[in-house]
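Could you build all of it, start to finish, from the sequences and the hints given here?
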Amino acid sequence: MISEDAVLLSLGLPLGAAVLISMLGRWPNFRETVTLLAAACLFVTVCTLVPAVMADGRPEVNLLDMFPGLPVGFKVEPLGMLFALVASGLWIVTSIYSIGYMREHHEQNQTRFFVCFAIAIAAVMGVAFSRNVLTLFIFYEALTFSTYPLVTHHSTDKAKRAGRIYLGVLLSTSVLFLLLATIWTWHLTEPHSLEFTKGGLLSNMGSDTIRQQPWVVGILLALFAFGTGKAALMPFHCWLPAAMVAPTPVSALLHAVAVVKVGVFTIMKVVIYVFGIDLLTDTGMSLWLMYVAGATIMIASLVALTKDNLKERLAYSTISQLAYIVLGVALANASGVIGGGMHILMHAFGKITLFFCAGAIMISAHKTRVSELNGLGRTMPFTMAAFAVGALSVIGLPPLGGSWSKWYLALGTAEAGQLPLLATLMVSSLLSIAYLMPISIRAFFLEPSASDVHGDNYHVHTGIREAPISCVVPPCITALGCVVLFFFAERAYQLLIPIVS
Amino acid sequence: MIADHLLILQVIVPLLAAPLCVVLRHRMLVRLFAVLVGWVVFAIAIMLLTRVLNAGTVDYNLGNWAVPWGIECRLDSLNAFVLLIVSGIAAVVLPFAPHTVKDEVSGDKQYLFFAAFLLCLTGLLGITITWDIFNMFVFLEISSLSACALISMGRSRRALTAAYQYLVMGTIGSTFILIGIGLMYMMTGTLNISDLNDRLQRLIIVNQVPMFVNQTRTVIAAFAFLTVGISIKLALFPLHAWLPNAYTFAPSMVTAFLASTATKVSFYVLLRVIFTVFGVTFAFQSMQLNTWLMPLALVGIYIASTVAIYQNNVKRLLAYSSVAQIGYMVLGLSFVSVTGLTSSIVHLFNHALMKGGLFLAMGCIMLRLGSVQLQDMKGLGRRMPLTMAAFVVGGLNLIGVPMTAGFISKWYLILAALEQGLWLVAVLSLFSSLLAVVYVWRVVEVAYFQEPERPAGGELRRLNEAPVSMLLPTWMILGASLVFGVYTEFPVGVARRAAEMLMGVGS
Chain S
0 MISEDAVLLS LGLPLGAAVL ISMLGRWPNF RETVTLLAAA CLFVTVCTLV PAVMADGRPE
60 VNLLDMFPGL PVGFKVEPLG MLFALVASGL WIVTSIYSIG YMREHHEQNQ TRFFVCFAIA
120 IAAVMGVAFS RNVLTLFIFY EALTFSTYPL VTHHSTDKAK RAGRIYLGVL LSTSVLFLLL
180 ATIWTWHLTE PHSLEFTKGG LLSNMGSDTI RQQPWVVGIL LALFAFGTGK AALMPFHCWL
240 PAAMVAPTPV SALLHAVAVV KVGVFTIMKV VIYVFGIDLL TDTGMSLWLM YVAGATIMIA
300 SLVALTKDNL KERLAYSTIS QLAYIVLGVA LANASGVIGG GMHILMHAFG KITLFFCAGA
360 IMISAHKTRV SELNGLGRTM PFTMAAFAVG ALSVIGLPPL GGSWSKWYLA LGTAEAGQLP
420 LLATLMVSSL LSIAYLMPIS IRAFFLEPSA SDVHGDNYHV HTGIREAPIS CVVPPCITAL
480 GCVVLFFFAE RAYQLLIPIV S
Chain P
0 MIADHLLILQ VIVPLLAAPL CVVLRHRMLV RLFAVLVGWV VFAIAIMLLT RVLNAGTVDY
60 NLGNWAVPWG IECRLDSLNA FVLLIVSGIA AVVLPFAPHT VKDEVSGDKQ YLFFAAFLLC
120 LTGLLGITIT WDIFNMFVFL EISSLSACAL ISMGRSRRAL TAAYQYLVMG TIGSTFILIG
180 IGLMYMMTGT LNISDLNDRL QRLIIVNQVP MFVNQTRTVI AAFAFLTVGI SIKLALFPLH
240 AWLPNAYTFA PSMVTAFLAS TATKVSFYVL LRVIFTVFGV TFAFQSMQLN TWLMPLALVG
300 IYIASTVAIY QNNVKRLLAY SSVAQIGYMV LGLSFVSVTG LTSSIVHLFN HALMKGGLFL
360 AMGCIMLRLG SVQLQDMKGL GRRMPLTMAA FVVGGLNLIG VPMTAGFISK WYLILAALEQ
420 GLWLVAVLSL FSSLLAVVYV WRVVEVAYFQ EPERPAGGEL RRLNEAPVSM LLPTWMILGA
480 SLVFGVYTEF PVGVARRAAE MLMGVGS
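Chains as they are written, first to last, in numbering that gives the first Met the number 0: chain S, 0 to 500; chain P, 0 to 506.
Please keep in mind that the hints were generated in silico from the structure rather than gathered at the bench. Treat each hint with caution, since some may be false.
Quick list of in silico lysine-lysine cross-link-like pairs, DSSO-like style, CA-CA up to 27 angstroms [to be verified]:
#1 S:K157 <-> P:K377
#2 S:K159 <-> P:K377
#3 S:K159 <-> S:K366
#4 S:K306 <-> S:K74
#5 P:K101 <-> P:K377
#6 S:K157 <-> S:K366
Printed below as a string of C-alpha cells:
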C-alpha cells in the first residue's frame, strides 16, 4: 500500500466505523464486530507506515487549504508514528475490554458510546499525523468535543458537572492560549507558516522579533504549554480527576492514553518542531517549564497518596506521570526528549493496565475504593497480578518498560545539570511506590474485610470470581506488553532518534 | 438584453412581486409565488456576483440618465457579496415559511405577510445595490417599515409593543441618517456616492489647516449624525435596545430573516459611509472614529454575551448573542486594516449563516413545542434530535470551533489584532468566545441532560420532528456554515477583495 493512502486510511477507518456503528445500533453484535474490525485494520494500516518512516520517509498528504498558504494536512514523522502506533494498538485491546465492560455493566446508549469512541480515535490519528499547528489544533478540539459525550455518558448530575469542568477547562485553555499561540506563531514567522519543521519553525523562519526579544519565546512557550490543557500541567489539571466519572474504558483509553497523551504529544511536537530544541537551549526560556513540571510531578504524587477512590488515585498518578514527559521536553536535550517520547509509550501500557483492572474490579466486585480491596487477590488473581505488573511499570522498575523512559529522563536532568529535578524524579518514584503498591499489598497479603465474608456478598470468598473474560484478558495483554517493552525498548529508541539528531 | 438590466431587476422583481401577492391572495399560490421570487432573486445575485468577480465593478444608470442627474446603481465586490447573502437567506427562508406562518400568523393575513416580506427584501436589496445616498435612505425606510409590520404579526401580543419600539428607534435612526444626508447635500450639492466622496475630500483637504472652520464643521456634523443613525439601525451597543424584543416576539421566520440580513445590511451601510463616502483619512485620522468604536465594540461584546447567559427565552438569548456578534464585526472594522476588514466582512457572511440557521431551528421548535422557553426544552435532544443537532452545530459556530465558519472569522479577527500589536484586544476577544460557550452550553445541557417534565397526571406529549420543508432549509444553511468553515476560499477571497477595495490598496 502506498504510504499516502495509509495516512488517509488511518483517519478514514475510524470515521467510517463511526458511521457504520451508528447505523448498526439495533444489532449489537454486528456493531461490535465493526468496532473490532476497524481497530484491527487501523493498527495494521498504521503499522504499514513504519518501514517508510524508519527509512527516513515522511509520507505526507494535504486535505485542503484552509487559509491561503496554510493547508490542513498530514505528514508522518517519528514521534507521531510512535504515538499513532500506541493509540491504535491500544484501541484494539480497549475495544475488547469495553465490549465486555459495557455489556456487563448494562450501560445505556452503547451505540453513542462506540460512535464517539471511534470519532475520538480518528481525532487522535489526526493529531498524531498533523503537519502543522493548525491541523493539530483542529483535531485537538475535535477530540475535546467527541469525548464530551463519553465523559458525560451516565447523564447524571454528577456527570453533567464533570462535563462542565471537562469542557470548561479544556476549551478555555485551548481557546485562550493555544489558539492565541497558534495565530501568534503564524504572525511571527516570515513568510507566514505553521508547518512543523525539523530544527524548529521559529529558529528557521522566525522574524526579527524572535531574535531581538527572547522573552517572546518564553511567553509563547507558556501559551503553548498551558494552552494544551490536555497535558494536565498544574494548575490546569482538575479536568482529569473530574473526567473519571466516565465509564472505565473511557478512562482507560482516553484518559490514560489518547486524550492526555495528545496533550503531552502536542507540547513535544511544538517544542521540537516549532521552537526547536536549540532555540530553547540558547535562550534558556524553558527553565520555568521544567520547574512547573517538577512541581506538578511532586504535588500530583502527594495528592494521589491521599485519594481513596481508586480511579481518582490513578488520575493523579497520570497527572504526575504526564509532567515527566513535559519535563523531558522542557529539558530540551536529546536524552530528555527521547525519554519523554518513550514515556508516552511506556506509561500508556502501564496506566491502561491499571485502569482496566480498576474497571474489572468495579464490575465484578463492585468496589471503587482502595480501602475496600483487602484480599481481592484471592478472588481476582489475574486482574490483581496484572495490576501489580502495571504498577511496577509505572513506578519504573525493571524488568518493565517504564524503567527505560525514567532512565532517559533522569539522564536528561543530569545532562542539563538540574540536580533538584533529578532529585524530584527519584522522590516521585518513591512516592509512586507509596501510592500504588499498597493496592497490591492489600489485595494479596491482607485478609478480606469482615463485611465481605459475612455480608451479602458471602460468595466473594468462595473462590475465583473474575470479571468476564473480555475484561480480564486485556489487562493481562497490556501487562505482558509492559514486560515485552522492556526488552524491545531499543526499537522505540531507534524510531525516536531521528527527531533529536 | 435582460442581462444588461440584471442590476435593477434585482430590486424590481421583489418590488413588483409584493403587490402581486396581494392580488393573488390565495394562500397556496402566494406561498409558491414567494418561493419562486426568492429563488429568482438569489439567481440574479449569483449572476451579478460572478460578473463582479470576473469583470470588476458593474455600473447601471437608471433610465439611462447620466450620472450626476440620474440615479446610479453600482456593484463592487462588497455589495455584490452582501446581495448574495441577503437574497440567499431569503431563498432559504421562504421555503421554510408555510408551516410556521400557518402556525404563527392568522390565516387571513398570510398574503399580507408575504407581501410585507417581499417589500422588506426589496428594501434590503435596494439599500445594497444603490449608489445614491438618498436612495439608500428611502430603501432603508421601506425595509424598516415593512420589517415593523412583519414583527407586529408575531403570535404574542407583546409583538405589538416590540414592533412599536422598533418603529420608534428605527425612526430616530433614519431621522439622524436623513439629517446627515441633508447636511452633506448642503455642503456638496450631490447625492451620488462617488461624487460625494470626491467633493467631500476636496472640502476636507482645503480646510484641513484650520481644522474647525465653519464648512468642515457641517461635514463633521453630517458624519456624526450618519454614524449614530446607522449605529442605531445596526444595533451597535449601547443603541441596541430595540433588537432583543423585536427578535424575540417576531414570527420565527421573520426573526431568522432579519437577524441574518437586516443588521448585516446596516453594517454594509456603515462600511460604505465611513470608507467610501468620507474616506479612511477623514474618518480615522481626523475623527478618530476607531477610538470610539473599539471600546464600544468590546464592551458591547461582553455585556451582550453576559446578558445572553442569563436569558431563559432562547430566542432572546440568541438575540443578545447577535448584539455581541455585531460587536465582533465593528471590532474588526475598528482595526482599520485589510485583515481587520476581511474579518468583519467574513463574519458578516458567516454570522448570517449561523444565526439564520439557529433561528430557523428555533422556528422548528416553536412549531412543535409551542415555546422557546429554556425550561420547556428539557430532554428535547431526544424528542427532536435533528433540530437540536442543528442547534448544536449553530452553537459550535457561535463559539468558533474549528471546522465551522465561526472559526474562520475568529482567526482573522485575532490575526488583525495581533498585526496591530493590540494584545489586550486579542486576548479579550478570545476570552469573550468563552461566554458564548456558556450560553450555548446552557441550552445544550437542558436539552440533552434533563428529563422532560410530565404534565401533572398526564402522559408526555409525543413530539414529532419538524417537517422536512423546515428541517431542510435549516440544515442547508448550517451545512453551508460547515462547508465554508473548511473551504474558505470563496468567502475569504471575496471579503479580502472587498477589504482591499475599501482600504484603497491592491487592485
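Index of numbered hints that the structure contradicts, given in increasing order: 4
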